[in-house]
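Engineer: Listed below are the residues making up each chain.
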Amino acid sequence: MKHFQTVAQPGLQESVQHGGCGECQSSCQSACKTSCTVANQSCAQKDQELIAGRDGKINRTEKR
Amino acid sequence: MVHVFKALGQAVALDVGSGGVYALDEIAYDLLTSYLNNPQASDMDILAPLLRKHDPAKAAETLSELREMIAEGYLFTPDEEPDIQVNTQGIVKAMCIHAAHDCNLRCTYCFADAGEYHMRDRALLAPETGKRALDWLVRKSGNRYNLEVDFFGGEPLMNFEAIREVVAYGRELEKTHHKRFKFTTTTNGVNLNDEMIAFLNREMDNVVISIDGREAVHDRMRPTANGKGSYALIMDHAKKLVRERNQQQYYIRGTYTRFNLDFANDVLHLADEGFEQLSIEPVVTSADKPYALRMEDIPRIGEEYERLGKEYIRRRKDGRWFNFFHFMLDLTGGPCLQKRLTGCGAGNEYVAVTPDGDIYPCHQFVGRENMRMGSVLDETFDLGMQTHFKSNHVLAKEKCRSCWARFYCSGGCAANAHAFNGDIGKPYELECSLEQKRLECAMAIYAIEQRDTLSADASADNSET
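For the record, the sequence lines run as chains V and F. Numbering follows the numbering used here, with no gaps: position 37 of the first sequence is 18. Numbering follows the numbering used here, with no gaps: position 14 of the second sequence is 65.
Derived from the structure by calculation, the hints contain no laboratory data. One or more hints might be untrue.
As the list claims (entries may be wrong) - In silico DSSO-like pairs for lysine-lysine, Cα to Cα no more than 27 Å straight-line:
1) F:191 <-> F:233
2) F:182 <-> V:-17
3) F:279 <-> F:226
4) F:340 <-> F:290
5) F:448 <-> F:477
6) F:57 <-> F:368
7) F:230 <-> V:-17
8) F:109 <-> F:182
9) V:-17 <-> F:104
10) F:290 <-> F:361
11) F:109 <-> F:57
12) V:-17 <-> F:450
13) V:-17 <-> F:226
14) F:340 <-> F:291
15) F:279 <-> F:361
Stated by the list, open to error - To give a feel for the contact side, a few chain F residues facing chain V, derived at Cβ under 8 Å:
16) 73
17) 113
18) 197
19) 400
20) 432
As the list claims (entries may be wrong) - For each label pair, taking beta carbons as the anchor points, the in silico distance ranges come out as:
21) F:141 <-> V:-2: 22 to 28 Å
22) F:190 <-> V:-2: 28 to 34 Å
23) V:-2 <-> F:219: 47 to 53 Å
24) F:279 <-> V:-5: 53 to 59 Å
25) F:505 <-> V:-5: 41 to 47 Å
26) V:-2 <-> F:435: 36 to 42 Å
What you are looking at is a predicted structure, and each value in this text was computed from that prediction instead of being measured. Even glycine gets a Cβ: it sits at the ideal position worked out from N, Cα and C.
For reference, chain V alone in the conformation it holds in the complex (with noise of 0.2 Å):
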């Protein structure tokens, strides 16, 4: 593809085979308080280093 470049695959169906442990963070419990915002909490099942950069930098490290 040429005029399409792809960010992000299409995955968020798939999502709910491996889903729903619960284990994942409340957004209300990082620095949230007043303005929900869920879409950046990561998954506690997968690799937490990919989120907030790529320098190492992160917030969250544990890995399960």
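Go by the hints and put chain F onto chain V.
Structural biologist: Below, chain F without anything else, positioned relative to chain V:
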């Protein structure tokens, strides 16, 4: 549903149902815009608006790519409603413990009424009540392993000894019940001393310190009880705490109001002061307040997010990396659809507990009439209200069902919806507009940084060969 937009000069398409995100060049942006106007139109009609601006062969090539994207399930995937059962077991796994209904600051915009939560009594949590709250959470958490507890206020460090006792008790419960408590403290930083810093850095998975940004902006809204500014009291403590936890797992969290619509300068000020984890949120308050944000401010605020976004990218690229919470977007390892439906979990998986042991759906509901859910002391808990909150997922909200951002904001803040519209199912419009703008900026930033990284990698490969 496909949402096509431009932010920070980057054109982006989001396929809402599948979560696919695509960076577009100018011709693809124009083509998708034309296509969205009438998807049933003929190729000739779809291409017609492009021909004044683009080469016809390239326009046809782009249309061919679009048809391929659609055929292969990348764009315009069906808006199927997921068949998901959301936490049907009544599990609670996160708790906000109000360690103190008292505060040493008198922040003008405080939703908690200087810590008293409109209860007309200052109160401190008794350690025994805090322990009962943890017992209750363990019992309600079913098979969940990670339990989150945030010490909140008022100013929780006004009751530091109780926090210390409750945390120690939690560590004992971890051993006997195979649980892991992830503690957070949200503090204004005024009382922080070396002993507290050492404790917080040892025991807290996350520390949130409230600073609004530039000294004058902060001091205007966050005075001490005797009317003086608090910025100078906090900064050194905050820097020490952050330094000693190696810049990990904390947030400097602030609030912007109508008084500082140039809030990008506040974010950048905090970055200049050496903080790397930042969250500045819009004030939520009644419209009659002079500092309340208004719908008419939205274009100006949108421009400010764009300005911040451009500087954010520039700094992260040139070695002055920082993270802005509301530009964080995990497009590859993000939350599952179940999480995206349920949002913050207030009143369902997440509750707040007052110094009296009373349970509310979340910290913002504390003190609101008819919103008390029970007590950790007498074991009462309103399962009907929990079910009401549980059922209030994003697809149950009429306004959200047709919104492109529904799987990213997850229906917004129930407390704001309740405060402004009297119904947890009717989102607060101003919040929706700002969330949409932040999401657009976040997706554009993600696309731009990804492109820059790939381009840098390609340059490195070329120089090696």
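Engineer: So, for every hint listed, does it hold in this structure?
Structural biologist: Going down the list of hints, with the structure as the test:
1. The straight-line distance between the Cα atoms of residue 191 of chain F and residue 233 of chain F is roughly 16 Å, inside the 27 Å bound, and the hint therefore holds.
2. Proximity of residue 182 of chain F to residue -17 of chain V is assessed by CA-CA distance (about 60 Å); at most 27 Å being required, the pair is judged violated.
3. For the suggested pair residue 279 of chain F and residue 226 of chain F, the alpha carbons sit about 45 Å apart, so the restraint of at most 27 Å is broken.
4. Restraint check for residue 340 of chain F and residue 290 of chain F: not satisfied, since their Cα atoms lie roughly 32 Å apart, outside the 27 Å limit.
5. Among the hinted pairs, residue 448 of chain F with residue 477 of chain F is consistent with the structure: their alpha-carbon atoms are about 7 Å apart, no more than 27 Å.
6. A distance of roughly 21 Å separates the Cα atoms of residue 57 of chain F and residue 368 of chain F; the hinted pair therefore holds under the 27 Å criterion.
7. Simply put, residue 230 of chain F and residue -17 of chain V have alpha-carbon atoms about 50 Å apart, too far for the 27 Å limit, and the pair is violated.
8. Simply put, residue 109 of chain F and residue 182 of chain F have alpha-carbon atoms about 67 Å apart, too far for the 27 Å limit, and the pair is violated.
9. A threshold of 27 Å between alpha carbons decides the hint, and for residue -17 of chain V with residue 104 of chain F the separation of about 18 Å falls inside it, so the pair holds.
10. In summary, the hint linking residue 290 of chain F to residue 361 of chain F is supported, as the alpha carbons are separated by about 26 Å, within the 27 Å threshold.
11. Restraint check: the Cα-Cα separation between residue 109 of chain F and residue 57 of chain F comes to about 21 Å, which is no more than 27 Å; the hinted pair holds.
12. Between residue -17 of chain V and residue 450 of chain F the CA atoms are separated by roughly 36 Å; this puts the pair beyond 27 Å, and the hint is violated.
13. Between residue -17 of chain V and residue 226 of chain F, the direct Cα distance comes to roughly 56 Å. Violation of the 27 Å bound is thereby established for this hinted pair.
14. Pair hint residue 340 of chain F plus residue 291 of chain F does not hold up; C-alpha atoms about 35 Å apart against a cutoff of 27 Å.
15. Among the hinted pairs, residue 279 of chain F with residue 361 of chain F is inconsistent with the structure: their alpha-carbon atoms are about 35 Å apart, more than 27 Å.
16. Because the smallest distance between the Cβ of residue 73 of chain F and any Cβ of chain V comes to about 5 Å, under 8 Å, the interface hint for this residue holds.
17. Hint on residue 113 of chain F holds. Least Cβ distance to chain V is approximately 5 Å, under the 8 Å limit.
18. Checking residue 197 of chain F against chain V by beta carbon gives a least distance of about 5 Å; that is within 8 Å, so the hint holds.
19. Given hint, residue 400 of chain F at the interface with chain V, holds; its Cβ is 7 Å from that chain's nearest Cβ, closer than 8 Å.
20. The beta carbon of residue 432 of chain F comes no nearer than 18 Å to any beta carbon in chain V, farther than 8 Å, and the hint placing it at the interface is violated.
21. The supplied range of 22 to 28 Å is met by residue 141 of chain F and residue -2 of chain V, whose beta-carbon atoms lie about 24 Å from each other.
22. Roughly 30 Å separates the CB atoms of residue 190 of chain F and residue -2 of chain V, a value that falls within the hinted 28 to 34 Å.
23. Between residue -2 of chain V and residue 219 of chain F the Cβ separation comes to about 40 Å, which falls outside the hinted range of 47 to 53 Å.
24. At about 55 Å, the CB distance of residue 279 of chain F to residue -5 of chain V agrees with the hint of 53 to 59 Å.
25. Hint check: residue 505 of chain F to residue -5 of chain V, Cβ distance near 24 Å, so the stated range 41 to 47 Å is violated.
26. Between residue -2 of chain V and residue 435 of chain F the CB atoms are about 32 Å apart, so this pair departs from the stated range of 36 to 42 Å.
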